[in-house]
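Participant: As you go down the protein sequences, you meet chains A and B in turn. If you count the first sequence from 1, you need to add 18 to reach this note's numbering. If you count the second sequence from 1, you need to add 20 to reach this note's numbering.
Simulated from the structure, these hints should not be mistaken for laboratory data. Misleading hints may appear alongside valid ones.
[Said to hold, decoys possible] Some residues of chain B that are not near chain A, with every Cβ distance over 10 Å (derived):
(1) Lys121
(2) Ala164
(3) Tyr180
(4) Gly240
(5) Glu410
(6) Arg667
(7) Leu715
(8) Glu721
(9) Lys723
(10) Thr783
(11) Glu785
(12) Ala789
[To be verified] Stretch-level coverage of chain B by chain A, calculated; a stretch enters the list once three of its residues show a Cβ under 8 Å from a Cβ in chain A:
(13) 651-663
(14) 774-781
Since this is a predicted model, take the numbers as computed values, not measurements. Cβ atoms here follow ideal geometry from the backbone N, Cα and C, with glycine treated the same way.
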Amino acid sequence: MSFAIATTLDQALAAIADGARPIAGGSDLVVGARHGKAPLPESLVAIDRIAELAEIKAGGDVTRIGAVVNHARLMTDPTVVGNYTALADAAALVGSPATRNVGTLGGNIMNGSPAMDTGAPLVVMGAQVELQSTGGTRTLSIAHLWDAPGSNTAAAGELCTAVLLPPPGDRCGSAYVRLEYRRAMEIAVVGAAAAVVLDEAGAIVNARVALAAVAPTIIEVDGIEDLVAGRALDDDGRAAVADAASSQASPISDMRASDAYRRHTVGVMARRALDAAVRRALGEEIAVPVNRALGIGAA
Amino acid sequence: MTPPVSTPVLSEPIDPAALPRFDRADGPDKVTGSGRYTADLTLTGMLHAAFVYAEHSHARLLSVDTSVARSMPGVMSVLTADDVPDVRYTHGTADRRLFAKDAVRYDGDVVAAVAATTLEKARAAADAVVVEYEPLPTVTDLEAALADGSPLVHPEWQSYDAADGVERSGNVASFSSIAKGDAHAAMADAEHVVSGRYVADASHATPIEPRGVVAQWEGGKVTIWSSTQVPFAARAGVCQTLELPTNKVRVIVPHLGGGFGGKCGFHYEAHVAALAQAAGRPVRLVFTRREEFLAPDRRREGMIVDLTTGLRSDGTIVARTAKVLLDGGAYMADGEFFPQMAAMHVAGPYKMDHCHIEASLVYTNRQPSGSVRAPTAPQGCWAVETHTDELAAALDMDPVAFRKLNAVDEGDEGCVGQIYNKIGLQDCIDAAVAAVTPEGDLGEHESIGVAIGWWPSFPGASGAIVRLDDDGQGQIVTGAQENGTGSVMTLRQLAADELGLAPQDFQIVYQDTAAAPFDGGSSGSQTLINNGRAVVAAAGRVADQLKELAAAELEASVDDIVLADGAAHVAGTPTKSVTIAELAAAAGGGALLVASGSEDPPEYPELDTEGGRIACIGDQGVAGWAGPQFSCHAVHVRVDPDTGVVRVLNIGAAHDSGTIINPLAALGQIEGGIMMGIGQALTEITHYDEAGNQLNAGLLEYKLQTAADTPNVKVVFIEPGADGVGPRGAKGLAEAPNVATAAAINNAITKVIGTPVRSLPMTAERVWAASMGVDEGSQP
Ligand SMILES: Cc1cc2nc3c(=O)[nH]c(=O)nc-3n(C[C@H](O)[C@H](O)[C@H](O)COP(=O)(O)OP(=O)(O)OC[C@H]3O[C@@H](n4cnc5c(N)ncnc54)[C@H](O)[C@@H]3O)c2cc1C
């Protein structure tokens with residue numbers, strides 16, 4: 019078995035072209051190996067010391083978050099907290115302080131767990147993923163990154179170098195909430211993210227909702243705009259979004275929850291995420307993460 | 021004797037900052053990481069052990085082929101049942117062997133063990149052991165297990181030796197009943213009758229340190245380092261199974277990383293000793309987290325409780341009947357007393373003239389249950405105290421008033437005919453409720469639930485040696501075992517007070533069966549009451565020796581000598597004094613300052629079983645309680661009605677555990693017990709497949725509470741000043757806080773969702789289901 023530490027992107031891409039597996043924080047890869055999920059790969063290249071992958075760059079027509087930015091930074095970075103708040107909500111819920119200090123955004127999305135916390139926020143905010151290999155760079159919509167639980171569509175030799183987000187607009191708000199049974203070291207039982215754009219009167223112009231842990235991958239709820247656009251968020255809208263989320267979910271039963279309970283609670287989470295996103299868009303300060311501020315999940 | 025430095029107020033919610041400081045002798049080691057735990061030990065030439073576990077939860081063992089494993093490089097010994105004496109052991113019933121012989125009965129049964137030069141080689145060799153099984157039908161349903169024609173977990177149970185009074189039959193490993201008066205007739209006459217079923221799942225002790233054992237032979241004697249709570253019981257097990265006298269087996273416990281009862285009993289010490297003997301090299305075994313979850317006697321038993329209570333319209337209880345089934349798992353361990361203890365908890369600390377409670381510990385093809393902190397109590401209390409709120413509701417009575425009316429007090433007779441001395445239960449109820457009642461209104465979806473509980477103290481044999489060396493510094497050599505509670509650390513305070521010295525003047529030599537006299541170990545909340553008695557006696561004898569020396573030196577009468585502040589002085593004349601260091605220096609050249617203590621433990625109360633008014637079948641001696649402890653927990657929760665998630669916000673906990681010798685350590689025990697109780701109440705669920713194999717044997721899916729979940733806890737100690745069984749009127753302490761929390765939480769949840777939850781733990785999904793009118797009450 020071999021382990022190399024890359025300090026430049028080129029070194030990393032060369033190692034990956036040779037068949038090495040990237041490792042960032044290792045909090046999925048190593049922990050999974052210890053739990054017998056899959057043995058450690060024969061060849062590993064550490065990417066967490068590549069400075070250019072650790073940058074958050076805002077301004078211009080895209081906000082760029084490097085793949086090895088960790089959750090501790092995401093939950094406190096002013097750009098993320100101010101403009102992509104749902105992502106900060108999600109990062110703030112990950113594991114424990116130790117997990118958030120080692121776990122990275124790239125690792126979270128590339129690991130491809132349907133229960134990942136940052137996935138649903140990225141979907142509703144229209145994120146693109148930047149993939150690089152020795153052959154070049156491409157971007158794809160994050161929704162196309164996942165094809166099955168624990169799997170992604172990147173080609174062999176491709177490294178995720180950044181997540182790209184559209185620039186912030188006016189009267190935008192987003193939020194991510196998850197159902198959890200305890201307040202630390204938890205995995206989303208179900209989760210939901212919402213992002214909205216309001217008009218000057220507070221009516222919804224644009225709304226998206228995505229769900230975690232209720233399907234083989236993160237899924238976006240179809241038809242949200244038909245349910246809520248054109249008016250301020252009201253009880254009918256909330257109920258309709260909850261129903262849509264519940265009915266589009268295809269959850270499994272496992273030790274954490276039954277399918278029926280997941281189906282019900284993901285509707286509750288969708289409703290609460292949308293509600294918090296709208297309140298934020300209206301200028302209300304709801305501290306990150308919404309789960310703690312509003313007492314959702316293990317309140 | 022010097023009185024304690026200050027007398028803090030314990031009868032009002034305690035401010036920890038106002039408590040006297042407690043310098044734990046083991047603290048710096050543990051917090052800086054310099055302390056050594058069993059897994060940290062390395063000996064020259066040491067090998068690593070790995071076990072071969074059963075591949076079926078119930079199967080006949082047809083053959084075990086170790087030939088490939090034995091020939092693998094680095095493998096130094098491989099053992100099966102054929103390689104050790106054919107001895108059946110444990111406490112209540114001798115129903116198990118070190119290695120499975122004819123059958124395997126649960127997923128953690130050990131079939132073979134390997135020692136090799138590296139852990140990887142040991143594991144590879146363990147994987148190479150070929151075992152042939154013939155699967156047998158499994159027993160996992162407690163009610164079906166009792167039906168005629170059920171497969172038996174132990175078809176040959178009748179041939180096993182059993183302890184006195186253990187009532188057995190078929191899959192019933194131990195049966196007990198408590199009967200008083202004529203419960204059935206009284207029930208027929210009752211004005212109101214309320215029945216309910218309450219089903220508790222198994223939970224786990226989950227110490228953070230997984231079990232480790234290191235064994236080394238020298239000169240026909242074996243030294244075993246083990247992370248056990250009960251070194252003397254571990255030694256007894258090694259002696260029994262390997263057929264050795266006690267003085268050839270030395271068990272030493274390095275620092276212990278928690279136990280919570282999960283490290284009680286004898287377990288793997290003999291396996292590792294036998295491996296080391298066969299290999300001629302020291303051997304170390306360290307469990308993975310999964311193994312820690314599978315190990316026997318780590319599990320708090322699942323329970324089905326069917327309760328019926330008859331009431332008068334004035335709110336008094338006239339009769340109670342109950343049937344309790346406990347999931348004992350594949351082997352009975354120390355569980356012979358569980359049915360009687362469960363019966364006591366299901367009766368509860370209430371006055372009643374008529375009761376009939378039957379309880380059975382049932383063999384199943386699951387992990388054996390064992391004494392986890394207050395065995396049977398949290399589940400039994402959860403059942404009976406949930407039921408108690410239902411009783412109050414049936415009469416439209418306030419549940420707190422109902423408890424105050426029916427709870428035992430001084431001079432009252434409880435379910436088994438014991439008349440209680442001065443006790444603090446009524447005060448506990450008032451204090452706990454007051455501690456948690458807010459000034460204003462409760463928030464939306466919030467409520468307060470209340471439950472009371474009880475737990476005995478366990479007087480028992482225990483010994484210690486106290487000595488002062490020639491510089492006046494002390495050593496306490498004790499058989500007692502420190503599992504984190506601080507009770508062994510508190511022994512310094514007791515010795516110091518006897519001798520007029522400071523706790524820091526003493527070192528403790530502990531956790532070594534060859535160095536110190538017997539102690540029952542860190543089990544049954546017994547350390548301070550029993551070993552404290554021994555230390556006080558031993559230190560008192562050294563004090564007498566010092567006083568004789570001082571009397572001669574100061575030309576005074578022995579009776580006038582006072583030991584205080586590191587010196588001996590003549591009463592009334594503090595200037596006429598000599599330091600203890602000077603006396604010790606003098607003694608160092610002659611009769612040394614050394615004494616041992618043990619003393620007879622206090623007696624257990626005799627129950628009045630004359631004339632058949634009270635009858636206990638399967639009496640295991642846990643119905644008449646010495647030093648009974650009482651508690652009330654009042655819990656303020658918020659329920660998310662849309663998801664069933666329950667958050668505990670505040671807890672008021674009031675305890676009568678007799679005189680509190682070390683308030684800061686006692687407070688820590690109450691807080692820790694409550695956190696364990698919240699986990700059992702809300703998140704700690706054990707999943708099994710249909711054959712009884714554990715599905716969530718790890719900390720990812722077995723959800724303990726975390727620091728972030730901790731509520732505000734206000735603790736009050738009620739010290740009624742009678743009925744203690746330990747030094748200064750102390751009772752046991754460390755198990756009592758793990759009794760009433762889950763029950764109080766259910767009573768709070770009930771107020772929010774309108775119905776109790778009938779399955780424990782009350783997971784979010786179960787709370788939600790109950791609120792929707794779908795309740796599981798399903799079998800553990
Ligand atoms: C105790 C604990 C608690 C946790 N709690 C949560 C939680 O609450 N929510 C949650 O979502 N997750 C949680 N996780 C999972 C994990 O911490 C996160 O998914 C984290 O973001 C993973 O990042 P990492 O850098 O550690 O990934 P790694 O383990 O280094 O990598 C994960 C996978 O992604 C690949 N990979 C990593 N970086 C790249 C890249 N840039 N390009 C291509 N492939 C890449 C690796 O090869 C590997 O297959 C928890 C984990 C632990 C151990």
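Participant: Hints the structure violates: just list their numbers, smallest first.
Facilitator: Numbers 6, 7, 8, 9, 10, 11, 12, 14 - these are the hints that the structure violates, sorted from lowest upward.
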